[in-house]
Structures are given as C-alpha cells and as structure tokens.
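Undergrad: Taken in order, these protein sequences are the chains called Y and L. Note that numbering that gives the first Met the number 0 has the first sequence beginning at 0, numbered continuously upward. Note that numbering that gives the first Met the number 0 has the second sequence beginning at 0, numbered continuously upward.
Hints are computed from structural coordinates only; laboratory data are not their basis. All values derive from a computational prediction rather than experimental measurement.
Restricting the straight-line Cα-Cα distance to at most 27 angstroms, the calculated cross-link-like pairs of lysine-lysine (DSSO-like) are:
(1) L:255 - Y:137
(2) Y:45 - L:318
(3) Y:115 - L:72
(4) Y:45 - L:13
(5) L:176 - Y:302
(6) L:176 - Y:319
(7) Y:190 - L:430
Far from chain Y by the CB rule (all over 12 angstroms, computed), these chain L residues:
(8) 15
(9) 133
(10) 155
(11) 202
(12) 205
Quick reminder that beta carbons are idealized off the backbone N, C-alpha and C, glycines included.
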Amino acid sequence: MAADKNTDKKMIEEVLERAKKVSSQAEVFHVRRWNEPVGFEANRLKTLESRESSGMALRLIKDGRVGFSSTSQEGGAKRLVEDALETAPFGPTAAFDFPKRKRFTRIDTYDPSVEKHPMESMVNLGQTMIDRAREHEKELLCDAGVSRDVSTLTLMNTNGGYAQYSTSVFSVGVGGTLIRGTDMLFLWEGKSACNPITDYQPLVDGLIQQLEWGRDIASPANGVVEAVFTPRGVSSALLSPLMAGFNGKLVLQGSSPLVGKLGQQLLDERISLWDQPDLPFVPGSRMCDDEGVPSKAMPLIDKGVISNFLYDLQTAGQAKTHSTGNAHRGLGSLPSPGVSVTVVSEGEASFEDMVSSIKDGIVVERLLGAGQSNILGGDFNANVLLGYRIENGKITGRLKNTVINGNVYTVLKKVQAVGKDARWVGGSLKTPSIYCAGVSAATRG
Amino acid sequence: MDNNLRDRISEAMKGHEAQYIEVRVDSSESAYIRYRGRELEEVGRSSSGGGCVRALAGGGWGFVSFNSLDGLKDKVKAAVRNARLVGGEPIKLAPVEPKVDSVKRAVKKDPTSIPLETKKRLMDEYVSEIWSVPGISTSTVGYGDGKLRRVFANSEGSYIEQEKTDITLRLNAVVRKDGDVQQSGQSIGSPGEYSEIEGLHKEARGVAQRAVELMAAPQVKGGEYTVIIEPILAGVFIHEAFGHLSEADHVYEDPKMREIMVLGRKFGGKHLNVVDGAGVPGLRGSYAYDDEGVPSTKSYLLREGVLVGRLHSRETAAKLGEGVTGNARAIGSSFPPIVRMTNTYIEGGEATAEELISEVKDGLYVSNWYGGMTSMEQFTFSAGEAFKIRNGKVEELVRPVMLTGNLFTTLESLDAVANDLSMNQGGGCGKGGQSPLAVSNGSPHIRIQRCLIGGR
Chain Y
0 MAADKNTDKK MIEEVLERAK KVSSQAEVFH VRRWNEPVGF EANRLKTLES
50 RESSGMALRL IKDGRVGFSS TSQEGGAKRL VEDALETAPF GPTAAFDFPK
100 RKRFTRIDTY DPSVEKHPME SMVNLGQTMI DRAREHEKEL LCDAGVSRDV
150 STLTLMNTNG GYAQYSTSVF SVGVGGTLIR GTDMLFLWEG KSACNPITDY
200 QPLVDGLIQQ LEWGRDIASP ANGVVEAVFT PRGVSSALLS PLMAGFNGKL
250 VLQGSSPLVG KLGQQLLDER ISLWDQPDLP FVPGSRMCDD EGVPSKAMPL
300 IDKGVISNFL YDLQTAGQAK THSTGNAHRG LGSLPSPGVS VTVVSEGEAS
350 FEDMVSSIKD GIVVERLLGA GQSNILGGDF NANVLLGYRI ENGKITGRLK
400 NTVINGNVYT VLKKVQAVGK DARWVGGSLK TPSIYCAGVS AATRG
Chain L
0 MDNNLRDRIS EAMKGHEAQY IEVRVDSSES AYIRYRGREL EEVGRSSSGG
50 GCVRALAGGG WGFVSFNSLD GLKDKVKAAV RNARLVGGEP IKLAPVEPKV
100 DSVKRAVKKD PTSIPLETKK RLMDEYVSEI WSVPGISTST VGYGDGKLRR
150 VFANSEGSYI EQEKTDITLR LNAVVRKDGD VQQSGQSIGS PGEYSEIEGL
200 HKEARGVAQR AVELMAAPQV KGGEYTVIIE PILAGVFIHE AFGHLSEADH
250 VYEDPKMREI MVLGRKFGGK HLNVVDGAGV PGLRGSYAYD DEGVPSTKSY
300 LLREGVLVGR LHSRETAAKL GEGVTGNARA IGSSFPPIVR MTNTYIEGGE
350 ATAEELISEV KDGLYVSNWY GGMTSMEQFT FSAGEAFKIR NGKVEELVRP
400 VMLTGNLFTT LESLDAVAND LSMNQGGGCG KGGQSPLAVS NGSPHIRIQR
450 CLIGGR
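Bound conformation, chain Y alone (with noise of 0.2 angstroms):
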C-alpha cells in the first residue's frame, strides 16, 4: 500500500495544480479502499471475494461559487477540472475557506493485523458460529459473512491543508432462519471493531438468547405499553429520528424540531448523548473529518438539555458559527455534517431489573420498516421485526404480526430507567437499554 499511497499523493498534487491556474481555491478527497468478504450460506461458505477500489473528489471556489466533480474511473484524473468548472457557475456560494495546515492529534484506527489476518481463520471463524448455533438448534439454517476492509483517505487543497490516515475495520455477522408451519423467526447478531475479532462466543450466545426469547409467540399487545429497548432497540427505533434534528443543516433551513431548543432540558436528565471519534479502534473514530477539521468528542445531549448541533465548513459559514469536525462524505457528493461515533451513557439498571419491574409491556429488539416514517418529526412507527412480550415481569414470548409507534421526543421524557448494559452495536454506537413508557402497540389478531 505504501507505494500506492505516493503514486495517489502524486495524482493529487498534479490535479491541485492544474485547479489551482482556473479557480481560487481547491480541495481533493482521495479513498483507496481494499475489501475481503467472505460468505456463507445455507450453513456452508459459499463465496470468497476481493475487492479494490479509488477514487476521487474535486471541490474549487470559483468566482464565489463551488464546483464539484468526482471519478473512479481509470483515467478520469483528467476530466475533474473541467467537469468541477463546468459546474461552479450553478454551484452554491461558498460560505467558508479550505483549513489551512493543521496539527491533529493521533487517533489509532488502523491495526496491520487485520491485513494480515489469514483468510482460512476468517472461514474458520464463520464455520465455528454457525456449527456451534446449529448445536443447540439443530432446524437454524444460517448464513455468515466475515469481511476485512482497509481504507486509506487522503485529504489535500490549495491552502497548505492536508491529511492522511488509513482505517481497518474487520466485521462478522451471523445470522439464522427458524421456520415452523408458515412461523419464520429470524435472529441477527453482528460486530465490527478495528482489530480482528476472534471471541465468537458472544454472537453465538446472542442468538441463542434471541431463538429462547422468541422461540414461543406471545400473546397480543395493544394500547400504551412500558418497553424497553435493548441496545440493539435502541440502534433501530430511536436513534435515527433522535439524531436527525442535531444536523446543523436541517437547523439552520428551520425543519429541524429543535431550532431554538439549544441549551433547554427537552429529555429526562438520564439521556446523555456524545459525539467521541476520539476513541482509539473504534471504526468511526477519526483524527480529522472529512474536510481536515480536527475532531473532537462533544455532547449532543448532556443530562437530557440540547447541547450542540452538528456542522460542516459550508453549513457553519452559513450559520455563521465554526465546523464541529463533523463533515462526512462518499465520494459522490459535498460534505455534510453528521455523527461519527454514538455514545450513550449508562444508568443504573440491570436489563433483569427492568423487565421484572413490568407488568405488562414489550422489549424492542429490531424493526422492520423503521426509516419509512417522518423520522424528522422524530417519530418511530415499525413493524417489530424483532421483540418478546413482558407480562408480570417476564418475558413470556416474541411479539407478531405487531406495530409499535411512538415519538422521541415524547418517550425519551417518559424514561423510567437506564441499563448499566452498554455495549457496541455494531461498530459506532454504543448505548445501554432504555426503559421508557408511552408505547403505542397494535397486534393483528
């Protein structure tokens, strides 16, 4: 990778160069990523694959305006001036410069062990999940993947800024199918991490937990319920529409719910949210954004008050305030601004606690159609893809044929406890379970 990364540093300076002679200012966002997946289905591997790829992003200020134009094609080095100019006379008004050179503080996001992580452990290590779920319920038909990925993001413009640093992120993800009569139960368990992963026990232990949960189908749940969700719960039905509002952009065009609310208690003091890519290993973490603005951890909601907005270089020019080093960009398209590692602090309940302290209620694992809602209003109204019933402070069974709906900004004010079980869901969030009333469920009976 070492020479790729001169020969990409080379390609970068020449295409500076050439937008510098045409415009003001100029910026190149270079990613040359590097992917094996490894796939398994109906319980035996089934494919092996490797995948490279690079690409780039051109950004110039033109006479007041910024152009853009990206390619990954061979080649296509050549077109980024001249199609990024032939959009700067349409482009919006730039509200910002390029940083200039800055100093960041190292953040490790990079392990050469997942690189060198031999293959045959990788297949191993999907076999190992599936054979030890398939032991204790021998009817789960299972897929698995298990993927490393290296990326390498270089960050260079016309104002002395520049930026390099590359991210291994290995992932492993284990799923199974329960059917019975015309009953499909399906179990997920997933992780990724910087460094290799090797402990399978856990995923192999949450799906058992899931088939046990919600092997029986519990009866109906209608009208306002108590839920808790667990971790998972909390990364599929809350977190998206509670996120949406903190996005600088959507604050400064006025659709966000919390326009005017910064610094106001709307959430139980329980709830505190942070912005950290400063924590090492973490896939998300990060020493920069994607602009070359340091980065930083911050909290989004401190003790339930709202306490910061996301932004972007364009957006705080707009909104005339500073980047919170939260630019986040594909190559496909500008900046904007968003979370980059979720932390949610733990309270003081156990997960047992909780649902022993309810009568009657549901836990909420995973939705089904949870995006598809006004999500902006900070609504959640899904299909329980995933959830078990509570009735006299057990869980008797899974939930189905079940909606739950319910609005962030409501059920967040109605906490009646936080776990003290927070965990990784997936590689950049990490939340406890929340217990919180007002609920509404519907079952088809």
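The hints should help you fit chain L onto chain Y, whose structure is shown.
TA: Same frame as chain Y, but now just chain L:
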C-alpha cells in the same frame, strides 16, 4: 462493438481451470443538482468505472473487482483461486445460448445531451412552485441523471454491450410548527426520457400544499382497517409483500422455504395476477439481457392467486429445475449479480376504483409512498397520504400511516382489484448491500380487509 476490449477480455479468460468465468466492465457518467430550501445546495458531475471477474470452480464462487483493467489475466486467476478455496458440492448453472450483441437505448430527449443550465432552470421553476405555497418551512428538490455502458463477457462465448440511461427526481416539502414537523414528497423516475420530468409544476405545488394540510390533519389510531390502496402505493405493496419472496435465492437452499413456496400453492383469490419482467418494455426495470447474459422475460408469479413462477439466476434455476428468467442483476462492477426484481405489477381486474371504494363503510384510502421493507413473512409499506373513508366516500385527510402485513394472511385478505393499472417509476430497491437498483412497480387500485396500521 469494441473489438479491442472483446479480444482483451477473451484472452484473459483463456487457460484457467474453471467451470465458468465471466467478466463485466462498467463505465458511467452522471450529473446531479440538489436544492435545500430556495437555495441550490449542490451541483456535481461524476464519472466512474471499473470491472470485475466472477468465477465458478470446484463448488464455490470467487469474485474480484477493481478499477483498472491492467493485468486482467491475473485478476481472473485470483477469482478462480478464490473459488477453489471455497470448495464444496458442485454448483450447476442452467444452460443459456451464448449471445453476441450490442444494445443501444433509444430515447427522444437524452438527459446527458441537455446543458446543466437548462436542467437547473427547470429545477428553479419547481422550487418556486413549492415556495409559492404559504406556510412552507423548507423544501428539498433533487435531480439526477446517469448514462451507463456495461460490457458482459463469459467463458461460454457471450459478449454483450448494453447502454442504459436513468433519471430520478424527488420533490419534498417540509412544514414545522413548534416542535411538530410534517412533510410530503413525490418521486418520479424515467429510463432516460427527459420529457417525463418536464412540466411537473402542478405536482410541485401539490407536494407543498399537502405538507401544509398534513400539519392540521389528525393522526389515526393504530389497529385493523379496511384499506383502499391507490396504484402507486399498491405497487410498493406487491414489491414488498410478494416480489421479494419470489426471488429464488431466498428459497433455493432452504428446504422449509421450498415447502412454503411450492409451485401450485394458493396465496390469494382468482382476481390476483402478479407479473415481473425486464422484458416489459420502456420502464426503469427494463433491459435486454441481465448481468449473466440471460435474455429478459416476462414471468407470471401469481396467476389467479396461485404461485406459478419465480425469479431466477442461472444457479437458482438449475438448482430448482426451473427455466431461466433473466433476473440476475448487479448494481455496479464492485458487486456480483444477485436475483432481483425488474418491473413488478398486479394486473388489472374489471371493477372500477369507485366501485371498490363505494363498498367500504369505514376505512382508509392510502396513497403515495415513503418506502417499504420485507423480512419475507412480515412486510411494511408506508403511505405518504391517507384519508378516511366513510359510507363509501373518501373524506378528510389524516396523517401518513405505516401499513404492515403478513404474507399468509394479507394476500388472502386482498379482496378486490380495479381496472386502472398504473406504473410507479420513482422507486429504487435495496438488497444485499446493493442499493438503489432501478426498478418499477405498479398496480391498479386494490382493497385489503383487516390491514394492520400503526398509530397512536
């Protein structure tokens, strides 16, 4: 036809110990314009390209993707090596006649030949229409077009060049009042015909008016309702409720699923006929050959409510002993092809929409869409608009609803199909990390008894 490229690929595929090898090469160009509020937020141009090799050897699949075609023979070798590392029982592919062809897509008004300035002027007009409605807090308008050239070659002698164009337009309006936010939107798409996204000024204004009306509308209580689903949303319904389960890769290696999805099983009434096919011309999911070089078809999935067919790749067709349908698709050169829908729709019946509505005493009329999801047995689809129906008449607007169903009960409860089939070209489909794939879906007005709706 690019004979240079053809020779280069054919040379690279020679001399490997593999049962089957295929190479795909993509190159594409695209442009987009996005507005947030009254202001243009982003405008950009992109070019992308790359290739991939997929090989079947010794019972496994190997896949390699890249940006550069340099050293193609080594890349083929790597794909074969990956396949051999997998090992296992031999995999069969359904036989397909090798084809050499070059397919151009003819459009009257090609978006890639229209200046950016003209496109921007049209979008400016739509933005003005939205903002002509009092009470709007903000809006988003997004336009995108793209042209793709895809080359497919395999070790059986096929070499196919295909050109595709695609246009998408999304109009969205948002109203905020205190802490409450309501929005309304419309998505329009076309397989490259620019004139189809012109002249939508009334639609743009309608989106804004609807968002304002929604702010004042009440929310319905969750529970079971008789629903009349308008064609655009009913298209999303059939895509989620049945289309995905017709994709044979969900079935072919699962003995229990094969029992459930056995051909001849009855899922609905005699009035229910469901079709999928890229061979239905002129739609966003139409093409001549799929990404395994199989000619496109039109397949009945349900005929008179009975399961009569499903969608296949060469591997799933061989495994189930059924005919190929040409439904293996890849979103780009970094992905192998998987079984996907193309143009999926419910065929028209005999009743009129008015007749369907007039028989409903107390229910909901739902239209437009936010999206849909499926987990096979359970599925959801959400309406952008909903109205109460009382004594056979569509009455006041209520807030958008999320509808959910179960494969085994909801299709049975679909008790009437109208005669006004209409196709929705504004959607995209996601599966296996490949999203959004251009598809279309459609339906006439349909009625479902006891449909579960989420609400407070």
